[in-house]
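Chemist: Single-letter residue listing:
There are 2 protein chains.
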Amino acid sequence: MSKDWQLEIKGLTPFVYDFSQGSREMRDLLGGKGANVAEMTRLLGAERVPAGFTITTEACVAYLETNNEPATLSAQVAEALARLETLAGKRLGDRDDPLLVSVRSGARDSMPGMMDTVLNLGLNDKSVEGLAKATGNPRFAWDSYRRFVQMFANVVRGVASEALEEQIAAVKKARGVALDTDLDVEALRELTSRFMTLYREQTGQEFPQEPGDQLAQSIRAVFDSWMGERAIAYRRINRIPDDWGTAVNVQQMVFGNKGLTSGSGVAFSRDEITGEPRPSGDFLLNAQGEDVVSGARTPQDLSKLATLMPAAYAQLTDILALLESHYMDMQDTEFTIEEGRLYMLQTRSAKRPAQAAVRFGVDAVSEGLLTKAQALLTIDASTLDTMLHNTIDPQATFTVLTSGVAASPGAAQGKIVFDSHSAIAAGEAGRSVILVRPFTEADDVAGFHAAKGILTSEGGKASHAALVARGMGRPCVCGAGGIEVDLATKTARVGDVVLAEGDEITINGTTGEVIAGVVALVSPEPNPSFLTVLEWADDLRRLGVRANADTPDDAIRAREYGAEGIGLCRTEHMFMAADRQPKMRAMILADNETQRRDALAELRPLQQQDFEGLFEAMAGLPVTIRLLDPPLHEFLPKLFELKVAAERARLTGEGDIEEIQRLLDRVEVLNEVNPMIGTRGCRLGILHPEIYEMQVEAIAMATVAVRDRTGEAPHLEVMIPLVNYEQEIEMMRELVVRVAHDNGLELGPDFIVGTMIELPRACLVAEKIADHADFFSFGTNDLTQTTLGFSRDDIESSILARYIDRKIVDRSPFETLDPAVGELIKMAGWNGRSVKHDLKLGVCGAHGGDPDSIAFFDANGLDYVSCPPIDVPVARIAAAQAAIRRSLE
Amino acid sequence: MSKDWQLEIKGLTPFVYDFSQGSREMRDLLGGKGANVAEMTRLLGAERVPAGFTITTEACVAYLETNNEPATLSAQVAEALARLETLAGKRLGDRDDPLLVSVRSGARDSMPGMMDTVLNLGLNDKSVEGLAKATGNPRFAWDSYRRFVQMFANVVRGVASEALEEQIAAVKKARGVALDTDLDVEALRELTSRFMTLYREQTGQEFPQEPGDQLAQSIRAVFDSWMGERAIAYRRINRIPDDWGTAVNVQQMVFGNKGLTSGSGVAFSRDEITGEPRPSGDFLLNAQGEDVVSGARTPQDLSKLATLMPAAYAQLTDILALLESHYMDMQDTEFTIEEGRLYMLQTRSAKRPAQAAVRFGVDAVSEGLLTKAQALLTIDASTLDTMLHNTIDPQATFTVLTSGVAASPGAAQGKIVFDSHSAIAAGEAGRSVILVRPFTEADDVAGFHAAKGILTSEGGKASHAALVARGMGRPCVCGAGGIEVDLATKTARVGDVVLAEGDEITINGTTGEVIAGVVALVSPEPNPSFLTVLEWADDLRRLGVRANADTPDDAIRAREYGAEGIGLCRTEHMFMAADRQPKMRAMILADNETQRRDALAELRPLQQQDFEGLFEAMAGLPVTIRLLDPPLHEFLPKLFELKVAAERARLTGEGDIEEIQRLLDRVEVLNEVNPMIGTRGCRLGILHPEIYEMQVEAIAMATVAVRDRTGEAPHLEVMIPLVNYEQEIEMMRELVVRVAHDNGLELGPDFIVGTMIELPRACLVAEKIADHADFFSFGTNDLTQTTLGFSRDDIESSILARYIDRKIVDRSPFETLDPAVGELIKMAGWNGRSVKHDLKLGVCGAHGGDPDSIAFFDANGLDYVSCPPIDVPVARIAAAQAAIRRSLE
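Residue numbers (the working numbering), protein chains in the order written: chain A, 167 to 1055; chain B, 167 to 1055.
Just chain A, same shape as in the assembly (with noise of 0.2 Å):
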């Protein structure tokens, strides 16, 4: 069925295929027009399904590769097209009832940026006549003849619509008509000249009048779109490889323009938007396909075509119901209605919001058509996020001020801050508020608590706002690069615009936008079907998820989510907290390991506190609580600072000289020149063993309080960052147990010590470190970043765009993982487990959350993902997709 053998045992390849030989399985030969409308004719007859051909893929890419059309092609073509004429009964350009043809590009997967459809192909001079006579319609003839131009000169000769529409309007001003319906047969003549004079002055030729060379120029138009700006940077953001290249369907015209018993439209098997399991869509009466589409006429809703056309009416919800049974998924079709009779032109699987798409899988399953696995895979993650976010009031009407990287989905709104002390003072008063910054720092993280979203004009996907406003749940734009954000006046600038504290801004973080002023918002509603959807997910699914939480609210949010546990909490947040950090700056700051123990001191009752709220949450599921990471100088201010300080307490005499210049001194020393790839860690833990003591007392103390209180106690992971030898492993869990043991925690199942994996060291030498292990962590976000030599912070903002452009990478690798960082999480992996069968790997880095990410994860045996709680539902999906297409592989 799928070759001409005929030709294939002549040596020729066949590369012209009719909608009667053709099926959905073969897509990637057909495209999934050509595919689509062959399995239509098989499933509703040729009666239903104007005929036609296809020219493969394969003639497209022979094109491209020698930059001619293969040898054969055009006799293959010829041959086709002479079979058409003969189903058809017409002949293309025939002066008296000439067959017309509709060309359309058709690429594997639909691709916005090919080459638009040239209808009515087949009329010229003469044959425009023919088609007047045997219609009897001379205006609908020379309509059809001087859109094919404008069409053809357009789409397939490049000459601009804007010059094309001036002679519409030219024509419409001298003849003193306001609509292009208002122009008669005259007029529709010389707008016609107009056109072919205008394509003869831009492009050299004379309009082709031969309907063989207008469907060669098509055909080849068609190819050379493929390579079109447009075309090539959507397969670029949807990975979609160069070699695929397109199919051109020719298909014979029927026409909805013919009078009240003819009409064009769209139809989805089900509502589109919500999903409800009705028919939906639009039309309209006497008019062609693009018509509906243009906006230029407004078309009806469908259900009124079951008043105005009942028998056509019932044809297409019947043959809708068989198609999304035929497809087993909902259906976007087109459809032309010509003197009465239905034409279905082509179907598709329907793109949907997420509300549509969980309504869709639940009502399929109750409705017998697909298993919940089935219905799983018709929705796509990625989109599930806008379920839980405010979003903008579709209705609303607004201008965007500039735009950003779209960071922390949802949207938000309030008053402008420029600094987290006016945020916390904020949003303790009630007030909503917006923090503005050009990038945000650990000692911002306070700010974000309190502010409603986060604004920045520098840093991408990955910076620290990013991650954090993720993290939280916080709407986020990062990387407007539009606004200048200058804190000495505290005033954002955006061109002309400048805003101040106080003034009311609106961001959409799942889109980037900046909006000045206020916006409605809508609220997400709990969704049923999203429920449902999620508890089959939760059936199928062989991956854990747990959430990213750093604090008991974080930790609630999480287990709403419906994580199992927490993969990581940030323990640095306790010492970042404003009744915190003096103390943690004391302990920095103290001259001998004495005033350091003491400083210390002071900080342990109150993180045993954050934990034991920590663990109250998360009663009876896993935490893994990860040692202090980040370097000591995160803690005190910048090295800039302190400099500028000190000049100006030298000039003015203000200031505490003496009392700066020993921060100074003592940031000087701890400041490093790549701190990412520094003094963090285990290497603090190494260095500075008290502060890990204290961490470890306050845990231990923290689970016995719980666990004598609550009778429950949390299942402790403690979690050793970035390490790199067995060494520093072995020392730190040695540490780690005898500091628990001191405090009446002894290592067990609810007690287990192991470390994060972020450096391609730890995954080179995995069995060694699995020796001191009982779990691995894959910090994801910092192996991406030490593989790659990319530091998240520089990078994203200043490489990543330019390299997405260049086309050196399709997505930023701290969103979806790297295949190499991929091949080092496999070999720690297979290590780590090769000395200890039942290592448990889990993964907690922004991948944790990424739908492709967790594919990988799954099919690489870890035992969990771990993810920002907002991002839980989609992992649980994600996670469910991934097994069940394992299963089918």
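If you're looking for bench data, these hints aren't it; they were derived computationally from the structure. Remember, it's a predicted structure, so these values are computed and weren't measured experimentally. Please note: incorrect hints may appear among the correct ones.
Which copy is meant is left open, because identical chains are indistinguishable; a pair holds if it fits in one copy or across any two.
When the alpha-carbon atoms are kept at most 30 Å apart in a straight line, the in silico DSS-like pairs for lysine-lysine are as follows [claimed, not checked]: (1) K973 <-> K1002; (2) K973 <-> K934; (3) K934 <-> K992; (4) K538 <-> K749; (5) K804 <-> K656; (6) K992 <-> K1002; (7) K656 <-> K581; (8) K470 <-> K517; (9) K424 <-> K299; (10) K292 <-> K424; (11) K292 <-> K339.
Fit chain B to the known structure of chain A by using the hints.
Modeler: Frame of chain A, contents of chain B only:
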């Protein structure tokens, strides 16, 4: 021979071997000393070597594991002792003519920190009288007894030697004598009694009178000393595993202190300083071995023995020759002459300075003793660089002010300067200066050229200062933390000493010593033996040796040292020189591409000159040129400097605030959190192709100019740094080839394009990168940084010292290749050559000059290493040794 089968059959491990049972092959089991004494016994006959037995290292390991002597050990020792008594015809503790023994430790390799010798064991209150009677020399007997008690108390039981010495002083004072040798029998009796009292007070036990008990305690003390602090520290530095254990040697005493026909000494088979082929050494008449080394009496030169005891001397020189030819290496022996009869107590390969090592090698080959390959293996490559530098006159006396890291070998002296400008000015005025800085950066490099040496208070062996200094062959002491450098006041403070600009200072980059004032230096002299050895090495090595050289001067020096090409020319220095930096700044500060290209056009001819110089210096040899690598902000002032300047300008009105602000704006944009993994390497080339285009233009024009002028074109290898992605090298290669072509240079055997492999990702996807690269050069410094997540600038000084201290690592991974980095290099090599079998593989990191790393590179099929010019001779030898060792495997 190697096992006592009788014991084995009984199911007992043999823990004790008589000297007559051992051989030098049994070093692992018997330790170096035990194996050599056994070998000498076999070689020279039992009459030349006092009899004895060795307790194996396995016994020690068993003891350390269980904290108890193995069950059968005491019985085996008793049996061996019985055999020894039979052989000697004397019994231990005999009250008439007692057998006395020495007890010595002996691990596989000679190891300081292990237990010292116990001599005269077997004496007690009874047998001392027997010894007096048998020798007719009561003073000798009592002197032997007090020595034994003193040594046993100190060495075996840890009684402080100061406390023991106090007793001697007290007795001498009471007796009114000055010298130990003036103590008579009575005084020695009293002293022995005082020692025993002290022993009882400090240990709570009586001094053991039972010789078996004495022996057992001594054996246990040797075992325990294996885990002593100094021994552990030594093993750590020398990478000796803890589980080797030590053997114990028990040997019949012979006495060099029986009057003027007796004596003890050390003898080398050749001069131990110069390597001259004549025996050398020291001896003392009427003395025991420890008198020769203690320095209490001044020993005589060995040649004197020829006249004093011609027969013994002749025997000794014969034996030395025999041992040397038997061991095929220069020997270091200990001997004793007892009443005219010569005994050999120990032999081992002589440690020797570089000049002696090469002299021995050359002489041994001409004497037919060794092949060239064998001779090469007797040389310790890591000592050779002392032959290439100024050294401090060994006769000079001086006071060390403080010490730092020995970062680049050689001694240098001059007046202190605190910045590069002063260094350059002084250099031009012909003055010798030492550049003293807290740390150095890229723009200090010009100052390195002008200075005689570099001293920093921060940073380690892989700091910028160390790397650049080594590259230029300038002596350098880094991280001398005892010095506080205050750039503002131009002073350096060491404790109470304040050094000002212009003060004279001497640094020893070989030892890390810093000395106030000038000290006599010795210049290296051309050493013909060294040149001979290098020639052999060149014949025997497989690995090519190139040099890292950035300037014609470096290149000329590299050639002199035998480099076969330049493996790394860092072009950043061509942007840093005083006449370049303003142009580079103009380029970076340009508002648009035109301005940027204009600024670059001014740099181009200057760089072309640089390249021409380099190509002429390396005529006929390959030259690898790395395109610009460091981030652009390295060419601008620092952020904090500008912030301070802006604040100062704001407060005082001094300075051009607008100009400062303009610079500041640019620096803020370019500033990076982690520059090492930021916008550098080919990322720069992709962001700003015009920079690389200018460089390639300059390279191509220089190549053509040199070819036309000299008729000899360089073998050009253009290297793209920091490649991660296939597309990066593809695009950059295209750029290089295109611009070269436009300037008259075509890809071919004399012009290839490759990449630096310095990121883990590149290693993992090397087969893709290899498609577009003619060579890989492993940048092991950066690969170490990323694989281990170790920022060289930050970690070397702060963490690595602690890590070495805590035994987490043996050596800096920036010095000797880390095994995980090695794994990545192997992967990259295999992957790359799997698609391109003739892919050239080189190394251009600090590891290219490290003998251990060179052995790894040789074993893994790399083609060449590239190292600083000064390391080239060492690398040539190390490469030959690696090849020879490989051929022996």
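Chemist: Each hint needs a verdict: does it hold in this structure or not?
Modeler: Evaluated hints:
Taking CA atoms no more than 30 Å apart as the test, K973 paired with K1002 passes between copies only; the shortest distance there is 25 Å, against 41 Å inside one copy. Taking the shortest alpha-carbon separations for K973 and K934, only the inter-copy value of 16 Å comes in at or below 30 Å, while the best intra-copy value is 39 Å. Taking identical chains as interchangeable, the C-alpha atoms of K934 and K992 lie at most 30 Å apart whether they share a chain (16 Å) or sit on different chains (20 Å). In this assembly of identical chains, K538 and K749 lie within 30 Å of each other by CA distance neither inside one copy nor across copies; the values are 54 Å within and 67 Å between.
For the homomeric pair K804 and K656, the shortest alpha-carbon distances inside one copy (20 Å) and between copies (25 Å) are both at most 30 Å. Proximity of K992 and K1002 under a CA criterion of 30 Å is satisfied in both settings, with 15 Å inside one chain copy and 26 Å between copies. Taking the shortest alpha-carbon separations for K656 and K581, only the intra-copy value of 13 Å comes in at or below 30 Å, while the best inter-copy value is 51 Å. When the C-alpha separation of K470 and K517 is checked against a cutoff of 30 Å, the pair qualifies only within one copy, where the shortest distance is 23 Å, while the shortest distance between copies is 103 Å.
Within a single copy, K424 and K299 get their C-alpha atoms as close as 14 Å, which meets the 30 Å cut-off; across copies the closest is 142 Å, which misses it. For the identical chains of this complex, K292 and K424 are intra-copy neighbours only, at 21 Å inside a copy versus 136 Å across copies, given an alpha-carbon limit of 30 Å. In this assembly of identical chains, the alpha carbons of K292 and K339 lie at most 30 Å apart only when taken from the same copy (28 Å versus 139 Å across copies).
Checked against the numbered hints above, the structure violates only hint 4.
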